[in-house]
Amino acid sequence: MSAGIRVQGLEFAYPDGRVALRGVDLVVEAGERVAILGPNGAGKTTLALHLNGIYRPASGTVTIGGVPVTDGSLSEIRTMVGMVFQDASDQLFMTTVGEDVAFGPANLGLTGEELERRVEDALAAVGGSDLGARPAHHLSGGERRRAALATVLAMEPEVLVFDEPSSDLDGAGRRELVATLAPLSMTQIIITHDLPLALELCPRSVVMRDGRIVADWPTKRLLGDERLLSENRLELPFGFTLQPDR
Amino acid sequence: MGAGHSHALYVHEHSAIHRLAPEAKLVATFGFVICVAITPREAVWAFGGYAAVVATLAVLARVPPGFLALRLTAVAPFVIFALFIPFIASGDRIEVWGLEVSVQGLWGMWNVLAKAILGASASIVLTATTEIPDIIRGLGVLRVPALFTSIAMFMVRYLELIADELRRTRVAMTSRGYDPRWLGQARPIASSAGALFVRSYERGERVHEAMLARGFTGTMPALGHLQAAAREWVLVAVLLAVSVAVATIGLVTS
Amino acid sequence: MVVAMILALHAPDGFLDAGTAIVTAGISIVVVGFALRQSQSQLADRAIPLAGTTAAFVFAAQMFNFPVAAGTTGHLIGGALAAILLGPSVGAIVVTIVVVVQALAFADGGLTALGYNVLNMAIIPAYGGYAVFRLFRRMVPRTTGGVIGATGIAAWASVVMSAIAFSILWLFGATAPVAFDDVFMAMVGVHSLIGVGEAVISALAVGAVLASRPDLVHGGSDLNRVELADTRVQTRTFLVGGLLVALALATVVSQFAVEAPDGLERVAEDTGFVVSATDHALADSLFADYATAGITNESFSLAIAGVVGTVVTLAVVAGIFLALRERRRSEPSAV
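Protein chains in written order, with my numbering: chain A, 1 to 246; chain B, 1001 to 1254; chain C, 2001 to 2335.
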């Protein structure tokens, strides 16, 4: 199951007055995988936090799978949209990983065997069946990242939103992450500075700057445009070049 | 477990006491400590009885005596205060080892010492056999409001992160020759405390967002922890019966 | 005075008599129950993790001793700080949780002493400190600096109020014959110094949060953006000013503490003001015989106890009314 995303004229300012979004329009089809790129402070995370109603727009609308994000639809939206946060330890707040994974489905009202099945399935999906009994603060970076993903998968969401999923991973951890995400069929939004990751996972990429979308192209073409990249403080790893699409 | 401190507090064993449901242990601990507190200090033998109860529990729970003694240092400031009572108290004076002390003061010292040490020992056996998150869960089972237990859960979860940062701050300060001796030098501690506060505040906010994103509505979901069985309550009742008996005889005889 | 230098406020089991323990437990349960009801709507959605991290911070800070004067150290109580950051009711709950968990998990403070420990360390500093905070906010300009200065004063006052409350409870439920005035002077004297540390930490913590996240400071929620931006410069002035006031107060009170017992006794003798052999009926029935037994100027200490006790009670009641009023005001606009 997957759901589409429709964002229209989205504007938002923080309580201290900083304007984070200045009119964002974005349509993502069900099952699509889209990377969101851009310099720090461009509003990428703020946009992500609008997708499940944690932030409310000053103006504009957000619709997930045809359901507009409003006070009344919050619980429905939050079961549809799974959010994997930048710092995985923010997402692991219970005593053990198993309890953390159970937290979401338990909030949905699941109990007993069905709850256990959800937890086991989610841990298996991230290759972490052995993590259930362990306390979150004893995990390695890669394990923590996978545990955080499992907490979200246990909700069986239709849309997955990742904020910098590869930022604290070593090479092997990063490869495991790609292997975990690639087969998932739900709609995926991946916020990242990791351009090779965007290229590997997302056919389409969006570049944000100063609270606006400044480019919405196929990833391969986008990464081949050196001027666009440098204008937005994006850099491919040293020695890594791409030819524009033939 | 969630809190780093619980490693220092918890004794990893698999005794019958460890397996008891936390709410049962909480009721037993509170009941025991209340009995100790109401026992008149003149019933000296009664405190021996209580000490025997705690010692038996500690042995059953395989809590090493050294561990118990070390943890008892938590009551040290008041023990020191208690030791001064005989000297500063008023009333009839007697001579002990060449020192002139107050009789009433000696009784006061004995009262504070005996009750403080027994009470603290009971808590120490409780935390040596029960992880802190389980204690908080037990409080929830005992009908302590969910708001209270939810905040306590978060506190325990984030204590370790904050303690780590404090430790790092202290190491960084000490390594640059900072050795506070008077109040005027407290400013670095205070300003780092302020920065630390903002950091933990913002972390709390991000955690809250992560919770909301998974459907949190204000109450922590029950995750199917086992509740105390009737058999466990029988054990608690036996323990309480012994304590109440000691307290009653103590009250009647003195 | 050695006694007070080592006195923390986490009293163990058996420190005060059973009657005092029961009465204070009753008072604490009623007030914390009130605080929980007050906070239910405020905390249900937004602030549980904020309250949790504040509790963790206060918990950690209570283990972190700071130097007061040669040989004496103190630690944060945090009641006033939590009240100013989160509002008085949530603040009282937060410190109550800290005190309860410390008693259960760390054997720091007795379980049967929870009644008076919660009253002294959570309820009185949170509500009383908040009342002082609001009082001083009226006197100083409506600026960031004003909030920080008022925080410092309120934090200092909250520690002294705790020490006063502790001494008065000793008057009612002492378990050893140490005179009320000795306990009172020593407790209040040393805690008026410890309070300076509390003031510095609280003011700097509130200042740091105001500088980066003003929306998170309950006690500064009336400041608008312009006031926040305009007054950064004055922060320092007020911080220094507030500290000087606190230090001056501390010096005066601690001098009084050192001099007073002898001074008062001499006054009593000089003026022929000697307590009659027959005890006060009131003192006999209500106050522990111990606490008054050794006092030669009994009426005088009872008068002091009465006056300061009334002041502390008034401050706490004022804090509770402020909590009620603020909630009523915020309800229509609550999200």
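Worth flagging that the hints you see were computed from the coordinates, not collected in a lab.
Hints are supplied without guarantee of correctness; some may be wrong.
[Claimed, not checked] Only some residues are given here: those of chain B computed to face chain A with a beta carbon under 7 angstroms:
id: 1; residue: Pro1040
id: 2; residue: Arg1093
id: 3; residue: Arg1206
id: 4; residue: Glu1209
id: 5; residue: Arg1214
id: 6; residue: Pro1221
Small disclaimer: the values here were computed from a predicted structure and weren't measured.
Beta carbons: idealized from backbone N, C-alpha and C, even for Gly.
* To do: Could you check the structure against the hints above and give me the numbers of any it violates, in ascending order?
  => 1 and 2
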